[in-house]
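Participant: Starting from the known structure of chain A, arrange chain B on it as the hints suggest.
Those sequence lines, one after another, are chains A and B. Position one of the first sequence corresponds to residue 1 (our numbering), numbered consecutively onward. Position one of the second sequence corresponds to residue 1 (our numbering), numbered consecutively onward.
Just so you know, nobody snuck in bad clues.
For chains that are exact copies, the list does not tell them apart, and a pair is met inside one copy or across any two.
Below, a list of computed lysine to any residue pairs in the SDA-like style, where the Cα atoms sit at most 20 Å apart:
no. : residue 1 : residue 2
1   : 217       : 79
2   : 217       : 173
3   : 217       : 96
4   : 160       : 142
5   : 92        : 103
6   : 132       : 121
7   : 102       : 139
8   : 217       : 107
9   : 92        : 222
10  : 92        : 71
11  : 217       : 229
12  : 132       : 217
13  : 132       : 182
14  : 92        : 227
It should be emphasised that the hints constitute simulated quantities derived from the structure, not laboratory data.
Read off the chains here:
Protein chains: 2
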Amino acid sequence: MTTAAPPPVIVLVRPQLGENIGKAARAMLNFGLTELRLVTPRDGWPNPDAGPASAGADIVLAEARVFDSLADAVADCTTIYATTVRRRGVMKPVLTPEAAAKEVHASAGRSAYVFGAERSGLETDDVTLAHKIVTVPINPAFASLNLAQAVILLAYEWSKGVALASPPEVPLDPPAPHAEMEELIGHLVRDLDASGYFFPPERTEMTLRTLRTALTKTGWSYNDIRMMHGIITSLGRNPRAR
Amino acid sequence: MTTAAPPPVIVLVRPQLGENIGKAARAMLNFGLTELRLVTPRDGWPNPDAGPASAGADIVLAEARVFDSLADAVADCTTIYATTVRRRGVMKPVLTPEAAAKEVHASAGRSAYVFGAERSGLETDDVTLAHKIVTVPINPAFASLNLAQAVILLAYEWSKGVALASPPEVPLDPPAPHAEMEELIGHLVRDLDASGYFFPPERTEMTLRTLRTALTKTGWSYNDIRMMHGIITSLGRNPRAR
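Just chain A, same shape as in the assembly (with noise of 0.2 Å):
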């Protein structure tokens, strides 16, 4: 019997209200998700506001984790969606509600949907670290979705391949949770900079961002970061470049 692959998981990054908290934790049981993660929120965890507006998702609110970063707050997942209506000065693949949606269902691993805070979105950063992103497709002349209806677009479309329980493509190797991938980069980062790399220092930011881009779409195994833990220490060594 296979199994299904696991709903997504709900990240909210530094989420301002939390009214709107409530509100996506509504959005979210509406269409059977129940898994919410808030990094940093603005004014704590618990929040009074949330309860009220969540109109009964009680127990969303009541599960919900607090994490200090986002990479922190994926480390389990395997495939991470920034959500964003604007373009980024990112390179990563845009896909539908709908398209990410059905790679959600057939993903070995557990996937993430992030929102950023209320008035400005995910921050560059953010969108970083991430897969991929996932944009609604929305009337140019008038592009103002909130959180909770962005939430709500994402859940739905993710509930409609609940029915079909159709079975995953389960690949041999499959990608590594995120955890892995920030040690990896933690590994790769410390050792370059050991050797200079990061020339100069006010490029250093831009430069981790196109490295982390490179490395985010790889689709590396637990196998392969290992072997990758192995040439970075290996390359250190090497007497040519004495």
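Facilitator: Below, chain B alone, put in the same frame as chain A:
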């Protein structure tokens, strides 16, 4: 050249709060719907609470028309869809928002999506007047869809059939030609070999194969590969590892 079917009219029957009318207008305009009709709104029309809640969808509110009955409101429509989450004692075809949208696009005439009051929904007589029922498939354990959410889901599904719903084309950094990847693998293998990575020798062939598989699936662009050459060279200069 065929003429596209006209966009559906959104009809709110006995809406209670101006705020919800505004939110419905916002949901409509987000997905390109502009024609709003109101049947005996509880607090009259115009309603000062509608504008602020519309988030700028003023044109929809300004052009909204008020009717005394649902029959009048849909007098010029050929197919009327009653939206309801509950089964009624009325024998009508029940469609998903997706199926209804396809019908609307295929129709020669004008269609109407009819929504009931916030608390009570549509009366049986309203449903009887309609040709078909549209029901959003929702979590049976938590069915708490508000008016604006129902409107946005139907508007969103409709929008998929029009030009604005085409996924945005984002120029991605395309994968590099194969020769670039060969050159990168050559560079990496030379430096790894110099660093003593391939040990024991009898496993070299297998290790090279695993390495090639991991690098081949990266989808790296020309620029990514340039960066990786720099990384390999730089890591070899790592003073920490000496």
